[in-house]
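One line per chain: the protein sequences are L and Z, in this order.
The numbering of the first sequence is my numbering, which starts it at 1 and goes up by one.
The numbering of the second sequence is my numbering, which starts it at 1 and goes up by one.
Because the hints were derived from the structure by calculation, they are not lab data.
Treat the hints with care, as some may be off.
If several chains are the same, the list does not tell them apart, and a pair holds so long as it fits within one copy or across any two.
As a list, the in silico SDA-like pairs of lysine to any residue whose alpha-carbon atoms are at most 20 angstroms apart [said to hold, decoys possible]:
id, residue 1, residue 2
1, LYS523, GLU476
2, LYS543, PRO43
3, LYS542, HIS112
4, LYS523, PRO43
5, LYS443, THR275
6, LYS352, GLU3
What you are looking at is a predicted structure, and each value in this text was computed from that prediction instead of being measured.
There are 2 protein chains.
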Amino acid sequence: MSERLIYLPLGGAGEIGMNCYVYGYGPADAERLIVVDLGVTFPDMDGTPGVDLIFPDIAWLEERRDRIDGIFITHAHEDHVGAIGHLWQRLRAPIYARAFTAHIARGKMSEHGLDETTVQTANTWPDMIAAGPFRVGFLPISHSIPESSGLVIETPAGRVMHSGDFKLDMNPVVGEAFDPDLWAQAAAPGVRALVCDSTNVFSTHPGRSESTLGDDIAALVANAKGMVVATTFASNVARLKTLADAAHAAGRSVCLMGRAMHRMIDASVATGVLTDFPPVVSSDDAGGIPRDNLMLIVTGSQGERRAASAQLARGKYRGMELKEGDLFLFSSKIIPGNERGVIRIMNQLSEKGVDIADDASGNFHVSGHANRPDLERLQNIVNPQVVVPMHGEHRHLRQHVKLSQGLGRASVLAINGTMVDLAGNTPRVVDYVDTGRLYLDGKVQVGALDGIVRDRIRMALNGHVIVTIILDEKDEPLGDPWCDLMGLPETGVSNASLVEVLEADLGQYLGRAGDKILADDGKLEEALRRVARNTALAEIGKKPEVSVVVSRMV
Amino acid sequence: MSERLIYLPLGGAGEIGMNCYVYGYGPADAERLIVVDLGVTFPDMDGTPGVDLIFPDIAWLEERRDRIDGIFITHAHEDHVGAIGHLWQRLRAPIYARAFTAHIARGKMSEHGLDETTVQTANTWPDMIAAGPFRVGFLPISHSIPESSGLVIETPAGRVMHSGDFKLDMNPVVGEAFDPDLWAQAAAPGVRALVCDSTNVFSTHPGRSESTLGDDIAALVANAKGMVVATTFASNVARLKTLADAAHAAGRSVCLMGRAMHRMIDASVATGVLTDFPPVVSSDDAGGIPRDNLMLIVTGSQGERRAASAQLARGKYRGMELKEGDLFLFSSKIIPGNERGVIRIMNQLSEKGVDIADDASGNFHVSGHANRPDLERLQNIVNPQVVVPMHGEHRHLRQHVKLSQGLGRASVLAINGTMVDLAGNTPRVVDYVDTGRLYLDGKVQVGALDGIVRDRIRMALNGHVIVTIILDEKDEPLGDPWCDLMGLPETGVSNASLVEVLEADLGQYLGRAGDKILADDGKLEEALRRVARNTALAEIGKKPEVSVVVSRMV
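Based on the sequences and whatever the hints tell you, model everything.
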């Protein structure tokens, strides 16, 4: 058989976040393609200082743009839809999503001056969208955002089911419950491969329903004395409703704070996802309400410095200020890597005398992802020939492969860039594609390997010395070289000025440098850099980054 | 009464780590002083890029050096003893510690060329060391390092008990069990104040004994097929013994890897703390042992890039290499903020096909600190008039104050720099002292507020532009200004070279700049910086750091 059915993750496989998966069908290297999700991931100071957003490198897709028949977005989380405004022009295929997701996606297109009508609203399975050799249906599944969907991907080589991010919630508060019968029906014709969320494979207990939180949150809010502030992901509309219902039941007015919070509620109302959210007051009106009759629901559950929660922890935000005896509820978990930011806020709140409730008790947050028993259950319902773990770090994918093999199924570990052919009886790795990351840095997209961010990290670790030297027409130094420092101490072990010690050593070197070096910018820069680094090492115990600026009078 | 009994934390109160507490007795502002602990804390890329270690700012103590009668070290963890080599010369008081701690402390003094005999070995209470108006006894208490001690501090104004870091372990595997009778005896004369560890105040279950781990670790190792590698803190000698015993029972030779591992075992053997550690093999010999007969115990449980565990995860280390089917045990918890580093190692191990066991199950690690019920129990044993929470972030101290008040005791929240007088009937805040942090940067100590690290962070976030301009004797520009970039993209939104756009705008500005600006270095630099930043903002969407180098031909 010469037709291939390929699966190629470009993001999300070998990491959590930045989801982007490609499916292809057709003759080798001439497959027609569809893209599932086009997400972002977030930078951090450790590896990507100053970067604003991170996208998958879609160079491989862009080169094959004429073969792309559609972009399908499973749900409206940033790590699944966040890159469409930034990257769509390089792909230019129609985008399909369910109403709520499409609403969010259109906003992103519009922000980038792109045509909103590119985003088409999809009905749910058994409706199918024809895209080249594919027919794709949106199959509702519960998650932590409205209208999350798996995909039924029908191909001439068989049916693939792509889980999207999901949990098995029979009572998700907002939106559709998980419907095992629906998934069984969609799988009934036989499923070649289940491509499946792996993020919670290490959690051994069955996942808990969103609805289990209502009573505990209501009791917490009912017993609170001062103002109550709650934070969670703005996109967790069910949680926002649970929080708002708890406030309402306790006689408290609800005020939403943070742009994302309003955007998500607006999208929910506009698309009919949310019909019975309690009335909310504006932040202007909130100031006039007694604090024990008020609950703020705010952005910033991950400690983001500019979000509402961080601003409230530091001081005033939109006229509101926290006081001794108020309660702050983190109805959220800390995503690994964000601990320092969240703990900073907790301590700032503690300094104000604010009491904190968080998910340590397990009563105020549940995950949106399927745990190990849930992954097993979905496999049993779908009964695929092959399980392809996606969305997870390497350790998650590997554990998910082991889990699947333990259940007697074929499974394949495919990280970003691994092209798997699912057409034959057993999945086969047929190619490795160069993948990587693209950084949004201010307004500019830069490659992760361009060295720009590497240079910034080096300056942060080592400081920066600028050496300036002027040479005359005969390549003779005009005066001494001089140094400027950034991020370096003023004095070293000799207790003399570091600038002066550097300038002295550089001047000495120049005095004995030969004509060949003085005449050659490259050699001169290299030599001065070496002198400056060695002098700094002796004086301060580290080698700084050195820029040498050679000026010649001609 | 005019004599004061002061408590003044300079580090450790309002943070976890960097412990340094001062006690004083005497007339106001003329108290004789003792110092308890002189620890470090560790830098991170978020706030202290490039920094090697962080110390408490001891300027207050240094100014009163002639009033210091002794430095008492409770135990040998870096956050209690790590700064003595770096800071002792500024204080020059005798150092007292129990044998194991003293052994480690002498090594640190010696590394810094300081006199080892400054460190005196203390016996345990009821022996007391006279230090000015104080008499200080070392009271054994269990923790996660040998010979940890609380202090009995006898003063003319009453007895203070300083808990040090502790847990209540009746069977700690190595070293003394917690002895409630001993603590009750020491407290029998009446205790004015208990100054107490707060780090685990949010943990609601009673702490578990080190000895509860033995069976699970032994079973894990007995069932392992390939090589086993285990990591934990090198200073947790009891854990090292539990791990080595498990290896021994499974017929595996033990090889210790990492300098800290050897240093701790050597200190334990030299001071008689450890008498029955299984025989170990060198890393040279380990290579000749079949991998299923071998267990490595290695440093780097927190993901430190240069430690043995990180090197093994990346590739070979001292001739050893991990393979498919090997087992890696994290017998440790992740300290908040270290998640990314540890997870990186876990994924690298996963790529090699190595199985991972960690403390998610709770079977392979226990904390070294007292949980809430243990804190209550110690209060009941010591029965102090006042509880002063120490060693914890603000939220921990605050919770510990609430806990103590809930038990009917007076308590005071004193963060770093808060001077409390414990002499009267109720504790009284009498002063606030400027405190802060000192950074070790290579070989140089720099102040946290010197701006050096701030400049590095700015370069990391924003990149760095160097503008060079040469002026002649008449303040006329000699040619155009030119720019060098570090950590910035080559092109911006205009698609022209960023350097060229910057140079053009700077040249234009210079062409119309007035004589007053051209004649004034400060004004000229400021103006060129502003032009460069605004041009960059338009081109790339961010304002870089700008250094302007003005050269004048004179």
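Results for each hint:
Taking the shortest alpha-carbon separations for LYS523 and GLU476, only the intra-copy value of 15 angstroms comes in at or below 20 angstroms, while the best inter-copy value is 30 angstroms. Taking CA atoms no more than 20 angstroms apart as the test, LYS543 paired with PRO43 passes between copies only; the shortest distance there is 18 angstroms, against 27 angstroms inside one copy. In this assembly of identical chains, the alpha carbons of LYS542 and HIS112 lie at most 20 angstroms apart only when taken from different copies (18 angstroms versus 45 angstroms within one copy). In this assembly of identical chains, the alpha carbons of LYS523 and PRO43 never lie at most 20 angstroms apart, being 37 angstroms within a copy and 37 angstroms across copies at closest.
Proximity of LYS443 and THR275 under a CA criterion of 20 angstroms is satisfied in neither setting, with 38 angstroms inside one chain copy and 64 angstroms between copies. In the homo-oligomer, the alpha carbons of LYS352 and GLU3 never lie at most 20 angstroms apart, since the shortest distance is 65 angstroms inside one protomer and 33 angstroms across protomers.
In summary, the structure is inconsistent with hints 4, 5 and 6 from the numbered list given earlier, while agreeing with the others.
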